[in-house]
Every structure is written in structure tokens, then in C-alpha cells.
Amino acid sequence: MEKQTITRYKWFWAWQDHKEEEWLQSMSLQGWHLVTMSIGFYKFEKGEPANYVYRLDFNTNSSKNLIEYVGLFQDAGWEYLGRLSSWQYFRKLAAPGEEPEIFTDNESKIAKYQRIITFLVILSPVYFVIFFPHMADRVPLPFAIVVGAFYFTLMVIYSVAIVSLARRINQLKRL
Amino acid sequence: MSGVQVGNMAKNNNASKYLPLTESTYYILLALIEPLHGYAVMQKVEEISEQTVTVGPGTLYGAFSTLEKEGLIVKVEDDGRRKSYSLTAKGLDVLFQQIDRLDIMARSGRKAIDEFRELNSNKKR
Chain Y
61 MEKQTITRYK WFWAWQDHKE EEWLQSMSLQ GWHLVTMSIG FYKFEKGEPA
111 NYVYRLDFNT NSSKNLIEYV GLFQDAGWEY LGRLSSWQYF RKLAAPGEEP
161 EIFTDNESKI AKYQRIITFL VILSPVYFVI FFPHMADRVP LPFAIVVGAF
211 YFTLMVIYSV AIVSLARRIN QLKRL
Chain B
2 MSGVQVGNMA KNNNASKYLP LTESTYYILL ALIEPLHGYA VMQKVEEISE
52 QTVTVGPGTL YGAFSTLEKE GLIVKVEDDG RRKSYSLTAK GLDVLFQQID
102 RLDIMARSGR KAIDEFRELN SNKKR
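Those protein sequences? They're chains Y and B, same order as listed. Numbered according to our numbering, the first sequence spans residues 61 to 235. Numbered according to our numbering, the second sequence spans residues 2 to 126.
None of these hints come from the bench; they were simulated from the model. Cβ atoms here follow ideal geometry from the backbone N, Cα and C, with glycine treated the same way. A few of these clues could be false.
Claimed, not checked - Each computed DSS-like pair below joins lysine-lysine, with the alpha-carbon atoms no more than 25 Å apart: (1) LYS70/B / LYS124/B; (2) LYS124/Y / LYS70/B; (3) LYS18/B / LYS233/Y.
Stated by the list, open to error - Simulated restraints on C-beta separations: (4) THR178/Y / ILE49/B: 32 to 38 Å; (5) PHE101/Y / LEU20/B: 44 to 50 Å; (6) ASN15/B / GLU82/Y: 41 to 47 Å; (7) PHE179/Y / GLN52/B: 24 to 30 Å.
Construct all of the structure, not just a fragment, from the sequences and the given hints.
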């Protein structure tokens with residue numbers, strides 16, 4: 061008999077990963093366990109309610125290192141659910157109130173958010189700021205306005221993302 | 002200053018840029034005095050720290066990457082899935098310097114506690 065599945069549409073920003081982890085855990089407590097995930101939606105299958113703790117890592121690993129990477133988690137009792145871009149999904153069964161962690165000190169938690177910032181900065185469409193003035197002369201004005209507005213929005217989103225990630229890092233920094 | 006003394010100073014400065022180590026990094030280096038693979042390191046750290054420090058897989062993987070990049074540890078064995086690491090001479094040097102630092106920290110702390118207790122017991126008389 062095939063297992064019942066449902067799909068949920070939800071969006072989490074990079075700095076809300078702990079909210080995503082909590083949400084996936086609450087779903088498991090209701091008996092819905094994550095099967096696959098894609099951008100903006102998640103697929104769950106029905107099972108017994110269980111206290112699965114979900115943890116997300118951000119790791120731009122080549123597949124060469126992936127075996128060692130995943131192996132480390134599996135040895136420590138974590139189940140690998142796959143990746144979504146550079147986001148790696150893990151879960152572990154926990155006793156009520158128990159909170160297993162993949163990052164056991166603040167320094168490594170901060171390092172994760174710094175990896176995301178580095179990734180965003182490299183991907184940042186800064187080069188459009190360089191190329192756009194040249195392009196603006198050669199294309200019809202309405203097109204230039206639309207493209208300009210699009211990239212302006214993208215830049216705003218990137219700025220908000222980097223500031224929010226920096227704030228998350230500051231929350232984690234301590235003495 | 003003799004040439005040997007200047008040389009030793011340079012060596013110390015090389016290691017000192019890594020000090021002080023975080024608790025996790027310290028215990029990982031300590032565990033790797035004997036070559037071990039990942040999960041064994043997690044278990045050993047918990048044991049030698051008397052359950053005060055646990056190292057999760059995310060933290061450990063990051064530490065391995067950084068320590069290997071900085072030349073403090075090397076891969077020794079590789080059966081595909083389980084990679085074993087060991088300290089390099091540089092890693093050993095950093096570790097021993099950190100232990101000296103911790104020694105001073107613990108000594109100064111115990112001395113302060115003793116003085117504090119003596120001060121307070123004097124007040125009661």
C-alpha cells in the first residue's frame with residue numbers, strides 16, 4: 061500500500077533556517093515526515109508521529125568530498141535527506157526535550173552564515189552595475205527601465221539578505 | 002640575542018596566530034595525537050573532556066577542513082568513506098603552546114580562588 065503524501069508550500073529566507081528546522085520538526089510530531097524538498101515546496105509522507113529534529117547545513121561541497129561529509133553525519137546518527145542547492149538536510153530521532161545539534165559551538169554556527177554571505181557576494185549581480193550603464197545607451201528606453209527595475213530589486217534583496225545574515229551572526233557572537 | 006633565540010621567537014609567533022584555540026578545536030587536536038577517523042574523534046573528545054565538550058558533525062567537518070588547510074593536521078588513511086587524520090609537527094607545536102596557556106589560566110584561577118577564600122574566611126573572624 062502506497063504511503064499517503066502531502067505537499068506544503070512555504071518560503072524560508074536563508075537567515076530563517078532555524079524556523080524551517082522548527083517547522084519540519086512540528087510536521088514530524090504530527091506524523092508528516094519530509095521526503096523531498098524543492099524551492100518553495102516540501103513533500104511529506106504519512107507515518108507515526110515522531111520527534112525528528114531537523115538540521116540544515118550550508119555547504120558548497122564538491123561530490124568528491126560529499127561521501128566523507130555525509131559519512132561523518134551518518135556515523136553520528138543523522139539521516140541524510142539530500143540537498144537543495146547548497147543546503148544539506150539532516151534529521152535525527154530525539155527523546156522529548158532532547159535537542160541534538162550538528163553545530164556544537166557558536167563559532168561553527170557563525171561560520172555557516174559566513175559561508176552563505178560569501179556565496180551571495182560572489183553571486184551578487186554587481187557586475188550589472190558595471191555593464192548596465194553601457195547597455196542603457198544601446199537598448200530602447202522601456203526595456204532599459206524594466207531591466208533596471210528588476211536589477212534594482214535584486215540588489216535590494218541581496219542587501220537585505222546580507223544585513224539579516226550579519227544580524228544573525230551578531231546574535232550568535234558572545235564573550 | 003643569539004640566532005637560536007631569534008629562531009625560536011619566530012617559531013612561537015607562527016603558532017601564536019592560531020591561539021587561543023576554541024574548546025572544540027583544542028580537544029580535536031588533543032584527540033588527534035593518535036591518528037583517528039571522524040566519528041572516533043567525536044567519541045574521544047567527549048571522553049577526554051569528561052563530557053564537558055561534545056563535537057557535532059557540522060563542527061567537526063569544518064574543523065577538519067580548516068585544520069588541514071592550515072597544515073595542522075594531515076590525512077593519513079583513506080578507505081573512501083572514513084578518512085583518518087593525524088597531527089603534523091606544526092599541529093603538535095600549536096597544541097603544546099595552547100596547553101601551556103591553559104596551564105597559566107588554570108593556575109592563576111586557582112590562586113585567585115584561594116586568595117578569595119582566605120580573604121572571606123578572615124572577614125568572618
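Cross-check of the supplied hints:
no., hint, verdict
1, LYS70/B / LYS124/B, "55 Å, violated"
2, LYS124/Y / LYS70/B, "17 Å, holds"
3, LYS18/B / LYS233/Y, "20 Å, holds"
4, THR178/Y / ILE49/B: 32 to 38 Å, "33 Å, holds"
5, PHE101/Y / LEU20/B: 44 to 50 Å, "47 Å, holds"
6, ASN15/B / GLU82/Y: 41 to 47 Å, "44 Å, holds"
7, PHE179/Y / GLN52/B: 24 to 30 Å, "36 Å, violated"
Consistency note: the structure conflicts with the earlier hints numbered 1, 7.
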